[in-house]
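Enquirer: What follows is each chain in one-letter form.
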Amino acid sequence: MKRRLLSALLVATIGVSAVVAQAQVSGDVVKIGVLTDMTGVYGDLGGQGSVVAAQMAIDDFGGKVLGKPIQLISADHQNKADLAASKAREWFDRENVDMITDLLNSAVALAVSGVGKDKNKVVMVVGAASSALTNASCNANTVHYAYDTYALANIAGKEIVKGGGDTWFFITADYAFGAALEKDTSDVVKANGGKVLGSVKHPLSTTDYSSYLLQAQASKAKIIGLANAGGDTVNSIKSASEFGITKSGQNLAALLVFITDIHSLGLETTQGLMVTEGWYWDLNDETRKFADRFLAKHKARPTMNQAGVYSSVLTYLRAVQAAGTDDAQPVMAKMRALPINDVFAKGGKIREDGRMVHEMYLMQVKKPSESKRPWDYYNLKATIPGDQAFQPLAKSTCALVKK
Amino acid sequence: MTDIFGIPLQALFGQAMIGLVNGSFYAMLSLGLAVIFGLLNIINFAHGALYMTGAFVAWMLLNYLGLGYWWALLLSPIAVGVFGMVIEKTMLRHLYKLDHLYGLLLTFGLALILEGGFVNAYGVSGSPYQIPSALAGGFNLGFMFLPKYRAWVVAASVVVCLATWFVIERTRLGSYLRAGTENPALTQALGINVPRMVTLTYGVGVALAGLAGVLAAPVYQVQPLMGSNLIIVVFAVVVIGGMGSILGSIVTGLALGLIEGLTKVVYPEASSTVVFVIMAIVLLLRPAGLFGREK
Numbered sequence: 157m158k159r160r161l162l163s164a165l166l167v168a169t170i171g172v173s174a175v176v177a178q179a180q181v182s183g184d185v186v187k188i189g190v191l192t193d194m195t196g197v198y199g200d201l202g203g204q205g206s207v208v209a210a211q212m213a214i215d216d217f218g219g220k221v222l223g224k225p226i227q228l229i230s231a232d233h234q235n236k237a238d239l240a241a242s243k244a245r246e247w248f249d250r251e252n253v254d255m256i257t258d259l260l261n262s263a264v265a266l267a268v269s270g271v272g273k274d275k276n277k278v279v280m281v282v283g284a285a286s287s288a289l290t291n292a293s294c295n296a297n298t299v300h301y302a303y304d305t306y307a308l309a310n311i312a313g314k315e316i317v318k319g320g321g322d323t324w325f326f327i328t329a330d331y332a333f334g335a336a337l338e339k340d341t342s343d344v345v346k347a348n349g350g351k352v353l354g355s356v357k358h359p360l361s362t363t364d365y366s367s368y369l370l371q372a373q374a375s376k377a378k379i380i381g382l383a384n385a386g387g388d389t390v391n392s393i394k395s396a397s398e399f400g401i402t403k404s405g406q407n408l409a410a411l412l413v414f415i416t417d418i419h420s421l422g423l424e425t426t427q428g429l430m431v432t433e434g435w436y437w438d439l440n441d442e443t444r445k446f447a448d449r450f451l452a453k454h455k456a457r458p459t460m461n462q463a464g465v466y467s468s469v470l471t472y473l474r475a476v477q478a479a480g481t482d483d484a485q486p487v488m489a490k491m492r493a494l495p496i497n498d499v500f501a502k503g504g505k506i507r508e509d510g511r512m513v514h515e516m517y518l519m520q521v522k523k524p525s526e527s528k529r530p531w532d533y534y535n536l537k538a539t540i541p542g543d544q545a546f547q548p549l550a551k552s553t554c555a556l557v558k559k
Numbered sequence: 006m007t008d009i010f011g012i013p014l015q016a017l018f019g020q021a022m023i024g025l026v027n028g029s030f031y032a033m034l035s036l037g038l039a040v041i042f043g044l045l046n047i048i049n050f051a052h053g054a055l056y057m058t059g060a061f062v063a064w065m066l067l068n069y070l071g072l073g074y075w076w077a078l079l080l081s082p083i084a085v086g087v088f089g090m091v092i093e094k095t096m097l098r099h100l101y102k103l104d105h106l107y108g109l110l111l112t113f114g115l116a117l118i119l120e121g122g123f124v125n126a127y128g129v130s131g132s133p134y135q136i137p138s139a140l141a142g143g144f145n146l147g148f149m150f151l152p153k154y155r156a157w158v159v160a161a162s163v164v165v166c167l168a169t170w171f172v173i174e175r176t177r178l179g180s181y182l183r184a185g186t187e188n189p190a191l192t193q194a195l196g197i198n199v200p201r202m203v204t205l206t207y208g209v210g211v212a213l214a215g216l217a218g219v220l221a222a223p224v225y226q227v228q229p230l231m232g233s234n235l236i237i238v239v240f241a242v243v244v245i246g247g248m249g250s251i252l253g254s255i256v257t258g259l260a261l262g263l264i265e266g267l268t269k270v271v272y273p274e275a276s277s278t279v280v281f282v283i284m285a286i287v288l289l290l291r292p293a294g295l296f297g298r299e300k
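First to last, the sequence lines map onto chains C and E.
Taking this note's numbering, the leading residue of the first sequence gets 157, the next gets one more, and so forth.
Taking this note's numbering, the leading residue of the second sequence gets 6, the next gets one more, and so forth.
Hints in this document: simulated from the structure, not taken from any laboratory.
Just so you know, not all the hints are guaranteed correct.
Simulated pairs of lysine-lysine, DSS-like, Cα-Cα distance not exceeding 27 Å [to be verified]:
#1 C/K378 <-> C/K537
#2 C/K403 <-> C/K346
#3 C/K378 <-> C/K523
#4 C/K502 <-> C/K551
#5 C/K522 <-> C/K537
#6 C/K522 <-> C/K376
#7 C/K376 <-> E/K153
#8 C/K220 <-> C/K275
#9 E/K153 <-> C/K403
#10 C/K523 <-> E/K153
#11 C/K505 <-> C/K273
#12 C/K378 <-> E/K153
All chains, full assembly: derive it from the sequences and hints.
Expert: Below you can see the structure in the form of structure tokens.
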């Protein structure tokens, strides 16, 4: 009897506090922060374009949620985790920011995700790759939006082996990200009946890749997997073309490469390259329309990451609307409950480990003769449903996943 | 087939060849630095940024004026050289009487401004620059495929390096330069315009960086940060060769490229560190560098 009374009381208190919370939008404004790399290696992938995309989402939503104005602020995280964490703290504590998005670097994303958990605010990681965000380091305040290393390795490994590329040699950046990407991809290649003939590790930000490529060439592997990122990948691809690697029958698979990299390298150099993307501007009429609007404001086609920022802001605002508050946990609950249907994802779903599950695409870079206009770079090779692209929930090491 | 340290000889030749190509970039860049330090006593930290500027000027000539690689090879170093002379005349000139550190800080600041400006205007990913059609393709050497362009880079830089060395060490102009460094007042008294000579020297030094930039443009991506990746290694080369020693920087540049290339086969993880390990050892055994003179 006593226990029942107690639980009734408890329920009542929770109910009351929920009602109180419902009437609330903290600071009478919903504030969204775009924390991105403005000037560093990922500046073209996110940067000012991410801010433009976030503003487009706010405008498309109508500029107001629950009758309160929506504000946008942005800052440069300079790819420094400590700087990003202190910026996030400042935003949450003093600027009244409710949600932070973009975060283009795994170290930065992991740091800010931790701050979001401490302050109980929403963090939507779009641009970072590490799948640790939804495994060992997951928390109830973080959503991982566009892609992750698991999906990259899984899709590239499986689809390329299926297409006949069954022997691999890896050129790997010598730090945690590169090693993880190589390991994940090797596992998938082997699981699908392929063989890994060898690998070579290079220091971060090496300028010349020709000697590694020569070793890859000597291995006679059909596929040379590039487990590196950014400028390292760009220079590897460039040297491969110069040394005639691709013309001699070996194919490159860049495990993490973005449309901005293809744009800066040019099709002459990148043709035939296999690329995994979470989104492409030229997929259908809806994405093309979005890309045209974006082009008018930013003078470039949107990247997967920028479209992801747009979608993350829209998803967040819809959840705030549905929850009737900008309080983090009710909003997170609504985000998990509501399917995501916008220009970025169809039937997207946020799981309890924070992973946003959506379709991924395997693309092949066009020949220069096939490209009809600027930014017309990809041929769609395969569409991979979300549940096959991303890590199954059963394999997740996230503590939030009930098993 | 014969092996050395368990590595097939063939692979070793290929890697040595590639090392030589990288070495010739190091040689050309460190040569410019050595000339500037040897004759002006300025530690030119803007060298990497000016190398990048050289590559960008080549790209601009092609994209805005339609002038190809061969024109760029001529015009870009001139543009960078003129720019350098303006810097020397307006800024560096005032720092000669002060400690080296001031020149270093000024040129470092200039490098940051240049890089920031290009990032702002062209983004960080950079733009491609195609290999000129006359130098596309390559030779099959049996043990490796050598792109023609890389062979050209080695040849061009060896010629430029030797010519520079010859001018400074073996001609009358070079002797004026060296005299101007040893004793500016006396040289001036003999009727030689030392300040103008210093300006020209700085111009030529950075023009070498610009030329290296044009040579590098088709090999690497033309991007604003391309210089900052290279400049630290190049400084190590200069220190190992002996600050200010022209011949030292040429020989060391080529040798370090070679050593780095071989490290990439034996223990690739250490390839970015090996240059600095050598630098530490050289500094311990011969503080003035391999070819430097103790002062």
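Enquirer: Against the structure, test the hints numbered earlier, and report the numbers of the ones violated in rising order.
Expert: none
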